[in-house]
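Taken in order, these protein sequences are the chains called A and B.
Counting from 563, one number per residue, gives the positions in the first sequence under this note's numbering.
Counting from -14, one number per residue, gives the positions in the second sequence under this note's numbering.
Simulated from the structure, these hints should not be mistaken for laboratory data.
Wrong hints could be hidden among the right ones.
[To be verified] If we take Cβ atoms under 10 Å as the criterion, some of the chain B residues that face chain A in the derived model are:
1) H104
2) E234
3) R237
4) K353
5) G487
6) V497
7) A502
8) L503
9) R526
10) D528
11) V529
Quantities reported herein were computed from a predicted structural model and do not represent experimental measurements.
Using N, Cα and C, we set each Cβ at its ideal position, and we do this for glycine too.
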Amino acid sequence: MIYLLAISVFPLAFSVAIAFTSWESGVAPEFVGLANFVTLSGDSRFWGAIETTFLLVLAGLSIELCLGLMIALFLNKEFRGIKLLRGIMLTPMMLPAVTIGMTFTMLLNYYRGPANYFLSIVGLGSVQWLSRYPNALYSIILVNAWQWTPFTVAVLLAGLQSLPVEPQEAARVDGASSLQILRKVTLPMLFPVILAVLLLRSIDAFKLFDVVFVLTGGGPATSTETATLYTYLLGWTFFRFGYASAASFVLLFILSITLLIFIRVVRSRGSSA
Amino acid sequence: MSKGEEQDKLSRRKYLQVVGGTVAGLVVGGALGYVGKPTVTAPAETVTSTVTETVTGTVTAPPPTTQPPAKKFEGVTITLMQLTGPYFSMAGKPEIYHEWEQETGGKVIVDQLAFPDLHPKLVAALISGTATWDLVNWGPPFYGDVAGTGGLEVLDKYITDPNRRPADWDDVLPGIQAYNSWNGHYYSFPGDGDTATMYYRKDLLANADHQANFKKKFGYDMPSPDTGPRTWSQFNDVAEFFNGWDWGEGGRSKFGTLRGIGKVYNTWQYGFLPYLFPYVKMPGPVDKYHGVAYFDPETMECLMNQPGHVKAAEMFVESFKKGSSEFDLGISALDAWNMYVRGDIALAIAPGNIGPMEFSSVSTVNGKVGHNLLPGAEQVYDQQSKSWLTVSTKDPLPEPGATKDINFVPYCTWGGWVNSIPVTSKVKDAAYDYAAWIGGKKASLELCLTMEPEQSGVNPFRYSHLQWEPWKAAGFTDPNYVLAQGLSYAHENNMRDMRIPGTLEYYDAIDVNMGKALTGSIEPKQAMENIYNTWTDITKRKDVKKQLQFYRQDLGLPV
Chain A
563 MIYLLAISVF
573 PLAFSVAIAF
583 TSWESGVAPE
593 FVGLANFVTL
603 SGDSRFWGAI
613 ETTFLLVLAG
623 LSIELCLGLM
633 IALFLNKEFR
643 GIKLLRGIML
653 TPMMLPAVTI
663 GMTFTMLLNY
673 YRGPANYFLS
683 IVGLGSVQWL
693 SRYPNALYSI
703 ILVNAWQWTP
713 FTVAVLLAGL
723 QSLPVEPQEA
733 ARVDGASSLQ
743 ILRKVTLPML
753 FPVILAVLLL
763 RSIDAFKLFD
773 VVFVLTGGGP
783 ATSTETATLY
793 TYLLGWTFFR
803 FGYASAASFV
813 LLFILSITLL
823 IFIRVVRSRG
833 SSA
Chain B
-14 MSKGEEQDKL
-4 SRRKYLQVVG
6 GTVAGLVVGG
16 ALGYVGKPTV
26 TAPAETVTST
36 VTETVTGTVT
46 APPPTTQPPA
56 KKFEGVTITL
66 MQLTGPYFSM
76 AGKPEIYHEW
86 EQETGGKVIV
96 DQLAFPDLHP
106 KLVAALISGT
116 ATWDLVNWGP
126 PFYGDVAGTG
136 GLEVLDKYIT
146 DPNRRPADWD
156 DVLPGIQAYN
166 SWNGHYYSFP
176 GDGDTATMYY
186 RKDLLANADH
196 QANFKKKFGY
206 DMPSPDTGPR
216 TWSQFNDVAE
226 FFNGWDWGEG
236 GRSKFGTLRG
246 IGKVYNTWQY
256 GFLPYLFPYV
266 KMPGPVDKYH
276 GVAYFDPETM
286 ECLMNQPGHV
296 KAAEMFVESF
306 KKGSSEFDLG
316 ISALDAWNMY
326 VRGDIALAIA
336 PGNIGPMEFS
346 SVSTVNGKVG
356 HNLLPGAEQV
366 YDQQSKSWLT
376 VSTKDPLPEP
386 GATKDINFVP
396 YCTWGGWVNS
406 IPVTSKVKDA
416 AYDYAAWIGG
426 KKASLELCLT
436 MEPEQSGVNP
446 FRYSHLQWEP
456 WKAAGFTDPN
466 YVLAQGLSYA
476 HENNMRDMRI
486 PGTLEYYDAI
496 DVNMGKALTG
506 SIEPKQAMEN
516 IYNTWTDITK
526 RKDVKKQLQF
536 YRQDLGLPV
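Bound-form chain A, shown alone:
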C-alpha cells in the first residue's frame, strides 16, 4: 500500500500541486492559482504542438489500421511458413523506440542514407526526409507506423481467429463474394476489436516522444514538435516546473475528451450499422 502510494499517488498529487505554482529556476515556488492555465491558453507554440500531435495521431492510426487489417487478413490463412512469417511480422514493435529512431536517422540521411541511394538507382531524386517540412512530419508518421503496425496486426489477427466461422461460411454458401463477406460479415463482427486497437494506439500515439526526439528534435524549427516534446522542453530544458505540469494536465484533459468523443461516435455508428 505504501509502495503504491509512493509510486503513483504521491507523484500525481505533487504534479497537481505544482501546476498551480510559479516554480521555475531562479523563482521560488509560489501559488498562482490558474495563471499557468491562462498563459497556456495563449501559448501558440503549445497549441501548434497539439495540432502537430493530432496530425501524427490521425495519419498514423489511419495507416496502421488499414495496413494492419490487410496484413492480418493475409496472415489469417494457413500455409507453409505462416508461423514464421507471423513471428517476423511482430519484430518492429519489440525494438526500443530510440534504436528505431537512430536507425531511421541513418537510413533517411539525405547525403549518405540508403533510402536516397535506392531512389537514385531507380532514377528518382534524393529527398530531404528530415530537414524539410512537411517531409519531416511524413517521415515521423511512417517510422511510427512501421513500428506499431505489427501491434495492430497482432490484435486484429487474434480477433479474426476468434470470430465464428459459421456466418462467413453461410454467406459464402449464399453466393456472397469475398469482398462482400469482408464488408458485411467479418468487419462488423470484428468491430469491437478494431475499436479496442484504435483506443490503445491512440493513447500511445498521443504520447509520442522518443522517435520525434531522436529523428528531428521537433525541427525544422518547431514543425514536428509534439505536445509531449514541448512539455518536456518546458520542464527539463527551461526548468519551468509549474508551467510544464500545467501543460501536461491540459494535455491529459484534451486526450481524455478526444477519446470520449471518439468512443461515442464510433459506437453510435457501429450500433446504427
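We have chain A; now place chain B onto it with these hints.
Then chain B, alone, in the frame of chain A:
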C-alpha cells in the same frame, strides 16, 4: 514395502557399510601410521651447531617492519557523474581514473548520463537536495540554473588552500576562469575548454584554379590559405563558391559549409551567435554601450531587434541559403564534424573536437585543414551613436599582435565541461582532489592529446596546453589549431555565453526563430523581432530586477 524398495534399502545399507568402513579404516590406519612412523632425529652436532650459530653468531637484526604510509584517500570512494563518452567527456580514457586511484588510494565510481538527461537530472537533484554524487561534470551555460540552486560547494577556499593539490590557477586561461565563477565565487573546477574555431580547407584556398574562378565570380582575391576568411562576408562567399559541386574525391557534390544546426542547441551555438557578436559588440570595457550583445546592462532592455542584430541574422541566413543546404537542418553538429573530416565540407565552425578527428582512420583531410579564430565584421553597430562604425581589433594569427580594421569577437561558447561538488557530498576533500588532478596540468594535457580511438573530447584550457611540442609529438601538424583556441580565450574582445537563470530558454528562442528564417517561413528581421518579444517575456516572468542583477554579475559589473 515392495520387493523393489526392499532391494533398494538393502543396497543403500550395503553402500553405507562399505563407505563407512573405508573411512574408518583410513582414519585408524592414518593414526597408526602417524604414531608408528620412525622419528627422525637430527644428529646432535647439527642441532648444536645450528643453535650455537644462531645464538652466538653475528646476526644482523632484520630491519624493523614498517607499514607503507597510508595513501591520502585510502578507502574513500567518490561517485562521479559525467556524460556518456567519449566525446565531450573525460570518460574517453578510463585508465586516467586509475592513475588517481593508485596515487591516492581512493576509488572512483562513474555514473554516466546521456546528454539530454544530464542537466535536467542535475538541476532536479540540486534543487531537491538529493544529489548522491560527490562530483558532477556539467556545462557552464547552465550556470544560472545550477549555481543558483545553492546546491554546489563554493570552491574558493579549496583553490587557494596551499595544503591541497595545487590548482595552478594562474595557468588557467582567463576566459575559462570566468566560466568557472558566478556571482563572485568559484563553483567549479575546469576540466575542458570549448571555443568556436574556424576550420577551413587550406588546400582548396591554395588551388590556383579555384583562386582564379573565385576572383572572377566575386571580384576580389580568395582569402589566403594561411589565414582563411577573416570576415563573415568572405566566409559566406567562400562557402557559396564551394557549395554544390564536386571539388574533391568521391564523385558527389559537396558543401560550402554545414554546421549541424538541426538538433538541440546547435543553431545558436555554432550557427547564429558566431555571426552575431562581431556586428553588435563594441570593443572596450563593459558598460552600457560596450562589451554587451544581449541586453542593456542598465535596464535589462533586450537588444536583439537592433540593426546590428538584424544584420547578423541576414548574414547567417545568407550563408545558409547560398553556401549550405537544407540538409543542415536535419543533422547534428557531430554529424557535420564527421562529414568535415570525410572531406565533404569546405568550411566549418566547431570546437576543438574536430582537431583529433582529422587524424582518424576515416579522415581524408589530414594535413589539409587550416585553423583560425572566427571571422569578424567589417562594421559594428554602435548603440551610442546609432550608427555603423569601423573598429580595429586584434587578429593574432599568424602574426601575434596584428590588428585589422575588423571587429573580431571570438566566441568562447560552452566554456568546456567543468567539475563541481554538490554540498551533499560526504567526501568533498577527495572529490576536490580528483577534480584538481584531472583538471591539473599533467592529466588534462594528456587528455587533450589523446586521439582516436580514445579521443577524450577535452580541448585546451590552460596556458601550459598551448606549448606546441607535445602536440607535435602527438601527431598534430598545424600549431594554429592550438593557438586559435588559446588566443580566443585570451582575446580582449571575446564573448562568453550568457549565464543567467533560463539561459537555455532564451537560446531556444534563437533556435526556433532562426530555424523559421532559415526555412523561409519568416524574414530575418521578423525572426529577431520574435526573439526580442520572447526574451522580453522571459525576463519579465523571471523578474526584471533579478535578471538584471544576474546579468550584471555575469558581466563583472557592480550590482
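Exercise. Taking each numbered hint in turn, which are not upheld by the structure, reported in ascending numerical order?
Worked result: Violated: hints 2, 4, 11.
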